[in-house]
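Start from the sequences, fold in the hints, and give me the full structure.
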Amino acid sequence: MAWQKQILRVNLSTGSCDIEPLNMEWAEAYLGSRGLGSKYLYEEMDPATDALSAENKIIFATGPLTGTMASTGGRYTVVTKGALTGAIACSNSGGKFGAELKMAGYDLLIIEGVSAKPVYLHIEDDKVELCDASEIWGKTVWQTEDLLAAKYRDPLMRFAGIGQAGESLCRFACVVNDKHRAAGRSGVGAVMGSKNLKTIAVRGTKGVHAKDPKAFYKIVNDVNARMTDRDEMSRDGTLAMIDVTNGFGSLPTNNNRSVRFEGANKLNPEAMHSPNENGHTNIVTNGACFACTIGCGRICKIDPKHFSVKDRPEYHGASGGLEYETAYALGSACGVDDIDAATFAGFLCNEYGMDPISLGGTIAAAMELYDIGAIDDSITGGIKLEFGSAEALCQIAELTGKGEGFGADIAMGSKRLCEKYGHPDLSMTVKGQEFAAYDGRSMQGMGLAYATSNRGACHLRADPYGHDFETTEIEGKAKIVAESQRDVAFLDSSGLCLFPGGCGWGLEDYRTLVDAACESDWNEARMLETGERIWVLEKLFNLKAGLGKKDDTLPKRILEEPADVGTGKGLVCRLDEMLPEYYQLNGWDAEGVPTAATLKRLNLN
Amino acid sequence: MDISVTLFGGLRHFLPAGSSFNKCTIKLDDGGHLDELLELLPIPAQKKYIVIINDEKVSREAYADITVHSDDEIVLLPPIKGG
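If you're matching them up, the sequences are chains A and B in order.
Counting in our numbering, the first sequence runs from 57 upward without gaps.
Counting in our numbering, the second sequence runs from 1253 upward without gaps.
Just so you know, these hints were derived from the structure itself, not from any lab.
Computed list of lysine to aspartate or glutamate pairs in EDC-like fashion (alpha-carbon distance at most 20 Å, straight line):
| no. | chain 1 | residue 1 | chain 2 | residue 2 |
| --- | --- | --- | --- | --- |
| 1 | B | Lys1299 | A | Asp285 |
| 2 | A | Lys625 | B | Asp1307 |
| 3 | A | Lys262 | A | Glu185 |
| 4 | A | Lys274 | A | Asp577 |
| 5 | B | Lys1299 | A | Asp287 |
| 6 | B | Lys1309 | A | Glu531 |
| 7 | A | Lys267 | A | Asp571 |
| 8 | A | Lys605 | A | Asp645 |
| 9 | A | Lys625 | B | Glu1308 |
| 10 | B | Lys1299 | A | Glu526 |
| 11 | A | Lys322 | A | Glu333 |
| 12 | B | Lys1275 | B | Asp1324 |
| 13 | A | Lys625 | B | Glu1325 |
| 14 | A | Lys458 | A | Glu447 |
| 15 | B | Lys1309 | A | Glu526 |
| 16 | A | Lys322 | A | Glu442 |
| 17 | A | Lys625 | B | Asp1324 |
| 18 | A | Lys606 | A | Glu616 |
| 19 | B | Lys1275 | A | Glu318 |
| 20 | A | Lys606 | A | Asp481 |
| 21 | A | Lys612 | A | Asp632 |
| 22 | B | Lys1300 | A | Asp287 |
| 23 | A | Lys61 | A | Asp571 |
| 24 | A | Lys361 | A | Glu447 |
| 25 | B | Lys1300 | A | Asp285 |
| 26 | A | Lys274 | A | Glu575 |
| 27 | B | Lys1309 | A | Asp620 |
| 28 | A | Lys173 | A | Glu185 |
| 29 | A | Lys535 | A | Glu647 |
| 30 | A | Lys183 | A | Glu76 |
| 31 | B | Lys1309 | A | Glu529 |
| 32 | A | Lys207 | A | Glu191 |
| 33 | B | Lys1275 | A | Glu326 |
| 34 | A | Lys606 | A | Glu633 |
| 35 | B | Lys1300 | A | Glu526 |
| 36 | A | Lys357 | A | Asp393 |
| 37 | A | Lys612 | A | Glu475 |
Structural data, given as structure tokens:
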């Protein structure tokens, strides 16, 4: 139990929608969500396939705890080959869509082929149909959801889809669900757009059943009682991190030219909670995903008098506001200290369906190209693309969402943009994916985590935080990164969020929930092995896709230009010293290829 | 002497009454040490944090050996993660 033991397979080329039994042997070995979706993708598709071709598949995968009463049990993962990276993409989201898909009776939704014309998928339990999307193609995520909600008149119907960015194959287009939650990274929205699939509307009434409901209920309450450190996350959200990294000296600023942003105090929780000169307060309230007992989401309003929205009342309502990553990408990365401008750019990301981390990272790279004269007003369409320009940020964000003007260049992502204009070293990416909000010089473990992340630069594929804030010495970091990558792979595959781990839960709390909900014995050894198996499977996908040791690296700036201030002042990332130990600890050879013994131990032959 | 201390993240909620958003001023005897200063802050014992003085992280073992100066920039960071 906990699994629905069914998958829904939709072939857009033929129009078929088939319900199939879940491969329980794979579910027992890969748990669900990220792990199980990756297993299906690996088995069913040639990893060398072009990400935007009909041969690529896109899988919406729930975990066994998705849709249960376990706290944060609303997560799902979009698994595909990433349009941004060419690597495996496992992009995780919250909101309420994942739980609804699970309650409709499906552990996985596998989309294959390409539709000859725009369609959307409508699911109500066993009733599944592909519908003409001509009336919603070209609409934003928000317009699409409003139109279909009015059509079906069911307030519990949930939507996950793309905006114009996905339609125009923006390389970092994302899948947005519930209007402001997103499977954000690696360009999964571009894959959906390449298939002419606009959105998925789902309503489920079947519920989700635990193995032993009474025991599960007790354990849910027991572990909730251990979530003792959640008040800060509820009050300040992840934005609390901005003061920490800025104080430590690891907040990427101006395309990683610096690791400290003097305008951070205009983007921090105090700024979000304090009235501005017009008496306007950015935050309205916090928000929670399905079954969440934390509520880290920010629901915010832009000052109606702000330049970005003063004549645009459609943006005067409350929606998903700045979290730490968006405050970095649309703030410090671009040198912008205007909280309303960054909030507006974030709204545009949700509306048009773009990953704000990659959008901000790419605009930051473009600002540096502009700063050194590699591009000028003739390229930008007259936009003064200077670090710190809130106006330029808002203009470029909107152009990118629409795929117009210089926005079409930004839509390529930082790597392709910097290559096009002759300065590939200015792209702060790994495997083509833009950095998250931590600098790998003052946080050496994070540098290793970025370099080795299977989906490209990512702050959520390992947990080096505690050790990184303790020391910049590299001893012990390879072990922490290697082991936490496996732990996170397991957690991501459960259907729960990672954030309870920062609010008092330990790995054991996740394991007890999985064990109580699912059949068979999920002991600690099995949990650790499952996490490692998932991590290595993702690695195997990437190797077959043509990625290798050359891609487990960092930009020249992080490897050769010392950090300018903070606790890591004078340091570069010592990746070359950590990487061999990391490979060895994983049971991989010197080229980062899992050995035969490792594959045999994990039943990956 | 007056020592200015900045508490980031959730630590700011343990600032003494009357403090600004995330800063407070603590009175410490001249020649006082870091461990004495930290004891004057009303932070619960179970709360973990790291201390940075003038951009240098300080190890816990050294708290009692470090003499605090009035112009030191002292920052306390909670070990939070994610984002």
